[in-house]
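Protein chains in written order, with numbering that gives the first Met the number 0: chain A, 0 to 355; chain B, 0 to 541.
If you are wondering where the hints come from, they were derived from the structure by calculation, not from laboratory data.
Model, not experiment: these values are computed from the prediction.
Hints are supplied without guarantee of correctness; some may be wrong.
What the hints assert, rightly or not - Straight line, CA to CA, 25 Å or less: simulated DSS-like cross-link-like pairs of lysine-lysine: (1) A:K112 - B:K530; (2) A:K140 - A:K162; (3) A:K319 - A:K112; (4) A:K162 - A:K112; (5) B:K325 - A:K319; (6) B:K267 - B:K72.
Said to hold, decoys possible - To spell it out: a stretch of chain A is covered by chain B in this simulated footprint if at least three of its residues, at any positions, have a beta carbon under 8 Å from a beta carbon of chain B; those stretches are: (7) 60-66; (8) 202-211; (9) 237-248; (10) 268-277.
Beta carbons: idealized from backbone N, C-alpha and C, even for Gly.
The lines below spell out each chain.
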Amino acid sequence: MEYNGPGNTGELTGPLLTAWQDTVSAMFETGRRVAEDEARGQVNGSWFYNQLVERIDDVAIADISWTAFPKRQSNLPNPVDGWRAADMRRAVQEEYCEWVVIRDQVNPNVLRKAIFTTEAPDYYDFLASNDPDLLVALYRKHVNPAVELDDLMQGGSYSDFNKWNHPGVNGADGTIMHMGGNTANTLGAAVNLSAQATWPSIDGNGNPITGEQELIACRRFGDRVRHSDPFIGAQINQLVRSGKKVSFAGPVGLYVDSMDFADFDIPGGLNPQDIFSVTRGDDEHMMRLEFEMPSGSGFSLSDVEIGGEPIAFGGQIAEKLRIRVRGIAADSDEQAPSIPCDGRFRGFGAVLQSRG
Amino acid sequence: MIFWGGVAVDVQFPSRQGLFSDRTTHETLGLSPPAAGVDQSDALLFSTVIGIDTEPRPMDSSEINGLGDAFTKRFLLKGIVPLTLRDLLEGIDALDGDEVLPDRRVFLVAEGGRHRLSNPAFPLNARLVFTWSPAFSRPVLFLSTVPSLDDQTALLQLVAWSESDTTFHFFERREGRWTWAGNSMTAFDDRARGKGPFDSHINGGLVMKELKAPWAHWHSQSSSIPFELLDGTDFGKHPAMSAIDGAELLENLVKAGVRHWTRSRIAKRTQNNQIALPRELAQHLTHATSANLVGATVSYPPPQGEEFTLPASFFLDVDTFRAVDKRLGVTTSILPTIAIEVSPEDYLGAIGELDIGVVAANGTRVPGDTTFCFVVPERAFEDVTVVDRMLRDELLSARLALCILMVDFSNPVRSPQREALLRHFPQAQVALSAATLDAPFLASVQANAGAPIEDEFLSYWNDPDIVGRARSELASFSGAVSQLASTSPGVVEIVRLAEARRNLFRKRKLNEFSSTTARAAEDVGFWRMTKTGEIVPDDNFS
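Throw the hints in and build the complete structure from the sequences for me.
See below:
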C-alpha cells in the first residue's frame, strides 16, 4: 500500500512526498498517544497503530462510509428546510464533506453548478508550509486564476477562512477549495476519533457497549448527532473487538465513495456521467466533484430531478453522496481489553484536534 | 377492509411466511400437486400465481421469453438455473457485455439484532437483501435471502425489473425449481390481490417496511448490526458477503424503484386518454393500502437529560401534505414547523407504565423498546408516491387532495372517515381532462351533503381560504400535541396511542416478525387523536 498524497493526484513527489508522509505519520503517532491516553491508569497500550512505522503487510481493508448530507438537517417534515439550511452555511456541513453552489445570476432559483469537496485543511496547511507555489497553483486552477498567496495567509499562517476558500457568503462566489467551514472536518480529528474509539467498552454492569449512540456517549470521541462520528467509531470498535488493531490506509484522506444516481431524472437524453466530473482525486479516491450540465445542452442543474424534485439545493445531491474513510486492520498480538466509560480525553498539553 | 374495484377485500391475507417458508408443500400454497405422470423435469420455470394457477404450471421458453425481465434473460433462458445463493452470486459476477451488473450492494436486517447481544435466546431473524444495478442506474435485481451460501432450501426470492413490460417480476426458488409468482400488475388482479408475494408487495412494487431513518432493525449508519451475531452463518465466507452496506442506501434504491414503477403503473392506467379504474388510484389517498415504520432517531434507552423528537409522520401525514403543498403554488408551506419533543424521563415512565416490551416468536421477552425509541407506523411511501404522481399528472387537483387530507387529519395512517370518501370516486373509467377526478368526486359528495363525513369535506372545499385554514388548523394541532408531549401523563397517552396504531399494523401480513415492534403487556384498546390534540377512545375499531 502506498501512502501517496491525498487522492493519488501525483502532485507530491520526492522530498515533498516524504514530508507529507512524515506529517501523516505524526498524525498517527498522535492518534496512538490519544488511544493510550484514553485508557491511562487502566491499561497500557494502543490498538491504534502507525502503519507508516510498523509497515505490516498482512492487513484487511475496512471501508467505512456514510451519507454526506448532515444528520442534523435530515428527517425534517419538510426536507426543503434541511436542504436550505445546509446550503446556506458551511458550518453545518459536518459529515466530512462540504459544498458550495453557484446560482443563475438572473434567476437565483436556478442552480448552475454544485462543487463538493472532501479535502481536509490539514493538507493545505502542509502545502502552505512546504510548497506555497503548489498551494497557489491549486487555488488558481480550481478556484480562480487571480488567487495570490497573500490572499491565503493570515498572520504568517495559512487560513482556511481565506476569501477564496470560505468567503463567508455561501453562493455569492461559489468558491471552495477544501473543507474547513466546519472546523471538525479535519484529517487529524478523524484520526483521533478513530483512536479514541478503538477501546472495547463496558458499562457499569460489565456489559459490552457496541451501539453507535452508546459508544460515542461512553468514549466521547465526537458528536452523536452526525452520521459519521458514531458510525466510524462503532466500526473501528468492532474491528478491535474482533482481535485487530487498526490504522488508516494510504493515501490517507476522506473520499467520496460512491454516488447514487438511481433516483435521478436527467433531461435531454444525458447520462449521469455527463453531469459531473471528478476534478481532484483518482477514480478510487474522489476528492472534488463538480456537478454541472454540459455546456450547450440548454439545461441547468435545476432541470435535473432527484426523487421527483428539481434540484434547487446542493444538499439534494449531498444526500446521494457517500463519504468514506478507509481503515486497515491487522491481527493484534493480544486482544484489546475492555475499559469502562470513565475514559475522557485528557490531552497532553498540545492543542489537539477533536470532533467534539 | 379496503375497497378494490368496488368490492370489499379483507385485509386478512394468507400468511406470507407460510407461503415462502422452506418446507412449504404445494398444498400449503393452495396449489394442487403436479399431475401424476407428467414429466416436468425439463421446465425451467413454473408459474405459481396464487389465486390464478391451481397447480405449478410449467412455462415454455416462449412464455418465459415474454417476461423480458433481468433474471430470466440472464439465466433461465440461457439454461442456467442457479439453485443456491452461491450460484446466483457467481453467476451474476460472470456476466459480461450488455448484461453486466457491476454495482452490487448487500444489506442486512435482523429484528433480533441488539437484543440478542444481551439475550442469546432472542431469535436473530437475519436476512440479507442484495441489489444489482447496471452502472449509474437503478437496480434491476433484488434478492431476499439468508446468509447461507450452499443450502438449496434456503430462502431465495428475487424481484426482477422488466424493461419490456415495465413491471417487476417476482420469483422464488423452491423445491429445486424456480417459480414465477406474477408481475406487478398481478397485484391488481382480483384473483391474486393480497396473495403470494402480494400480501406485502400489495401494490406490485418494492417494499422496505423501515424505509426511513433510523431504519429500525437494519444495519445502517444509525445502528450497525455487530458481526459477532453472524457467527455460525456463511457471512464472511464469500467476497460478496464480506461487508454490509447501510440501509440508508437501500432506502434510496427502493424509493427510486417505487417511483419508477408508480410512473409505469399510472401510465398504464391512463392510456387512450382515459383513467381506467379511478378508485384503484384514488384509494392511495383515502386508504392506507400499506404502511411503513418510522422511529425516533435515538436509541433506547434515550440519553438522560436530552429531549428527543418523535417522528412527525406519526401525528400528521407530512409526506402527502408536502406533495400537495408543492402544487398549491403557495410561498409559505401549509405544514407547520412540527417538532414534538419528549423528555427521556417521561418516555421511560410511559414505557414502564404500559409495560412495553419486545417479544420474540419463541416467547422471549425483553422489557423496554426496540433498538430505537417509538417505532410506529406511518403512511406508506408507495401510497404517497401514487398521490404525488396523480397530482403531477393532474389527475386530481391539489385543492381536492388537500381537502380530503384535512378530513380526520389527526389520524394520518388509517382513517375510516377518509376511507369512506373513496366511494365518491368513479368506478368506471373517466376521460382525461384538467384535474379529471375532481368533477365526478365533487358531484357525488355534494349529492350526499348532510352526512357528517361529506359535510366535513365540503366545509373545507367550500372555504375560499382553504390554504389559510389548513395552515392554521395544522399549526394549532401541532401546538396542542407539543403541549401534550410536554407532560408526563401526555406522553403516556401518546405511547398508548402508538401502541393502538401498532396493534392495527400487526394485523397486516407485512408484519412478519413478532419483534418488529414493541408491544404493551396488556391490550391497550383502540384510540384516536382529535384535531385539537386530544387522544380519545376510537369507536371505529372497537
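Hint-by-hint comparison with the structure:
Of the pairs offered as hints, the one joining K112 (chain A) and K530 (chain B) is violated, with about 44 Å between alpha carbons and a cut-off of 25 Å exceeded. Of the supplied pair hints, the one linking K140 (chain A) and K162 (chain A) holds, its CA atoms being roughly 16 Å apart against a limit of 25 Å. Distance hint between K319 (chain A) and K112 (chain A) is fulfilled; the C-alpha atoms sit about 16 Å from each other, no more than 25 Å. Note on K162 (chain A) and K112 (chain A): the hinted pairing holds, with a Cα-Cα distance of about 19 Å set against a maximum of 25 Å.
Only pairs whose Cα atoms come within 25 Å are accepted, and K325 (chain B) paired with K319 (chain A) is accepted, the gap being roughly 22 Å. Taken as a hint, the K267 (chain B) and K72 (chain B) pair is honoured in the structure, with Cα atoms around 23 Å apart against an allowance of 25 Å. With a cut-off of 8 Å between beta carbons, the region 60-66 of chain A has 4 residues touching chain B; three or more are needed, and the interface restraint holds. Only residues whose beta carbon comes within less than 8 Å of a beta carbon in chain B count, and the region 202-211 of chain A has 5; three or more means the coverage holds.
Closer than 8 Å: that is the beta-carbon criterion, and the region 237-248 of chain A has 3 residues meeting it against chain B, so the requirement of 3 holds. Figure legend: the region 268-277 of chain A, annotated as covered by chain B; annotation consistent (3 residues with Cβ-Cβ distances under 8 Å, at least 3 required).
Hint violations for this structure: number 1 only, all remaining hints satisfied.
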